[in-house]
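Whole structure, please, built from the sequences with the hints as guidance.
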Amino acid sequence: GESVGLHLPTLSVQEGDNSIINCAYSNSASDYFIWYKQESGKGPQFIIDIRSNMDKRQGQRVTVLLNKTVKHLSLQIAATQPGDSAVYFCAVISWGKFQFGAGTQVVVTP
Amino acid sequence: NAGVTQTPKFQVLKTGQSMTLQCAQDMNHEYMSWYRQDPGMGLRLIHYSVGAGITDQGEVPNGYNVSRSTTEDFPLRLLSAAPSQTSVYFCASSRLTGVGEKLFFGSGTQLSVL
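Line by line, the protein sequences are chains A and B. Note that the numbering used here has the first sequence beginning at 1, numbered continuously upward. Note that the numbering used here has the second sequence beginning at 1001, numbered continuously upward.
Read the hints as simulated data drawn from the structure, not as lab findings. All of these numbers come straight from a predicted model, not from anything done at the bench. In this text, a Cβ means the ideal position worked out from N, Cα and C, and glycines have one as well. There could be a bad hint or two in this list.
[As the list claims (entries may be wrong)] Taking lysine-lysine and the DSBU-like style, the derived pairs with C-alpha atoms no more than 35 Å apart in a straight line are:
(1) A/LYS97 <-> A/LYS56
(2) A/LYS42 <-> B/LYS1009
(3) B/LYS1102 <-> A/LYS42
(4) A/LYS42 <-> A/LYS71
(5) B/LYS1009 <-> A/LYS97
(6) A/LYS42 <-> A/LYS56
(7) A/LYS71 <-> B/LYS1102
(8) A/LYS97 <-> A/LYS68
(9) A/LYS56 <-> A/LYS68
(10) A/LYS42 <-> A/LYS97
(11) B/LYS1102 <-> A/LYS68
(12) B/LYS1102 <-> B/LYS1009
(13) A/LYS97 <-> B/LYS1014
(14) A/LYS71 <-> B/LYS1014
(15) A/LYS68 <-> A/LYS42
(16) B/LYS1009 <-> A/LYS68
(17) A/LYS71 <-> A/LYS97
(18) A/LYS56 <-> B/LYS1102
(19) A/LYS71 <-> A/LYS56
[As the list claims (entries may be wrong)] Just the calculated beta-carbon pair ranges, DEER-fashion:
(20) A/ASN18 <-> B/MET1027: 33 to 41 Å
(21) B/PRO1039 <-> A/GLU15: 23 to 31 Å
(22) B/SER1069 <-> A/ILE20: 44 to 52 Å
(23) B/ARG1044 <-> A/LYS56: 37 to 45 Å
[Unchecked claim] From the derived model, a few chain A residues whose C-beta atoms are all more than 12 Å from chain B:
(24) SER28
(25) GLN45
(26) ARG61
Written out as C-alpha cells, the structure is:
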C-alpha cells in the first residue's frame, strides 16, 4: 500500500548547524510534495513545496531536494535557530489527495 | 485575515456524549477536510469536501459525520464519543486539490473522551 514515512522521529541539532530531515514515499505517481512545520500547540504551517518536474527548490534558509529515482525527499534548514524547534511533516500529493508522514521532531540545542 | 478558524480549542467529553467541532474559513476555498493527529501516527484524514453539498470519507471516518451546507463551514460531528476518539483534530482547507494547491490548517481542537 501507499505510505509516507520519515527516517527519524527526533533530530537534535546544535544552534547554527544545518539540519536535514528526510522523507520517503512509495507512490511513484506522486506529483507534488510539501513540507510543513508544526510548532507546539499550533496547526501545521506551509514551509516550501516542490513539483515532481523539479529536483531542488530553495527558500529562505530552507532547501527541498527531491530524488524521484529512490522516492525520497529532504528538507535542509541552514543555520538552525531556536525558532526552528518544531515537528516537520512531509506531505505527498497523489491524484489530488494529500498524505502525511508521521513527523520529525527537531530539537535545537544551544 | 482569519484563515481557518476552529472552535473549541479544548473539549472534554464523557463516553457516549455527542458534540460538534466547528470549522470556518474565509478564503473562499472549495476544498475542506478534517484530520486527526495521534502520537506517532501523523495526520489521518477523517472526511473531506470538494464543495458545498459534497462530502466523502477519508481513511478513518467511523464514528464521525460531516456536512457542507455552505462554502465557509465544515462541521465535524461525533455521534457517540469513545475514548479511542481522544485526539487532536485539525480542519484544513485549500482552493482546490492537486498540484500547487496548499492546505491551510486551523489551530486544532484537543479532545479528550473519558
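Outcome of the hint check:
no. : hint                              : verdict
1   : A/LYS97 <-> A/LYS56               : holds, 22 Å
2   : A/LYS42 <-> B/LYS1009             : holds, 10 Å
3   : B/LYS1102 <-> A/LYS42             : holds, 17 Å
4   : A/LYS42 <-> A/LYS71               : holds, 29 Å
5   : B/LYS1009 <-> A/LYS97             : holds, 27 Å
6   : A/LYS42 <-> A/LYS56               : holds, 28 Å
7   : A/LYS71 <-> B/LYS1102             : holds, 21 Å
8   : A/LYS97 <-> A/LYS68               : holds, 18 Å
9   : A/LYS56 <-> A/LYS68               : holds, 11 Å
10  : A/LYS42 <-> A/LYS97               : holds, 23 Å
11  : B/LYS1102 <-> A/LYS68             : holds, 21 Å
12  : B/LYS1102 <-> B/LYS1009           : holds, 23 Å
13  : A/LYS97 <-> B/LYS1014             : holds, 34 Å
14  : A/LYS71 <-> B/LYS1014             : violated, 44 Å
15  : A/LYS68 <-> A/LYS42               : holds, 31 Å
16  : B/LYS1009 <-> A/LYS68             : violated, 39 Å
17  : A/LYS71 <-> A/LYS97               : holds, 17 Å
18  : A/LYS56 <-> B/LYS1102             : holds, 18 Å
19  : A/LYS71 <-> A/LYS56               : holds, 14 Å
20  : A/ASN18 <-> B/MET1027: 33 to 41 Å : holds, 34 Å
21  : B/PRO1039 <-> A/GLU15: 23 to 31 Å : holds, 26 Å
22  : B/SER1069 <-> A/ILE20: 44 to 52 Å : holds, 45 Å
23  : B/ARG1044 <-> A/LYS56: 37 to 45 Å : violated, 30 Å
24  : SER28                             : holds, 15 Å
25  : GLN45                             : violated, 7 Å
26  : ARG61                             : holds, 19 Å
Checked against the numbered hints given earlier, this structure breaks hints 14, 16, 23, 25; the rest are met.
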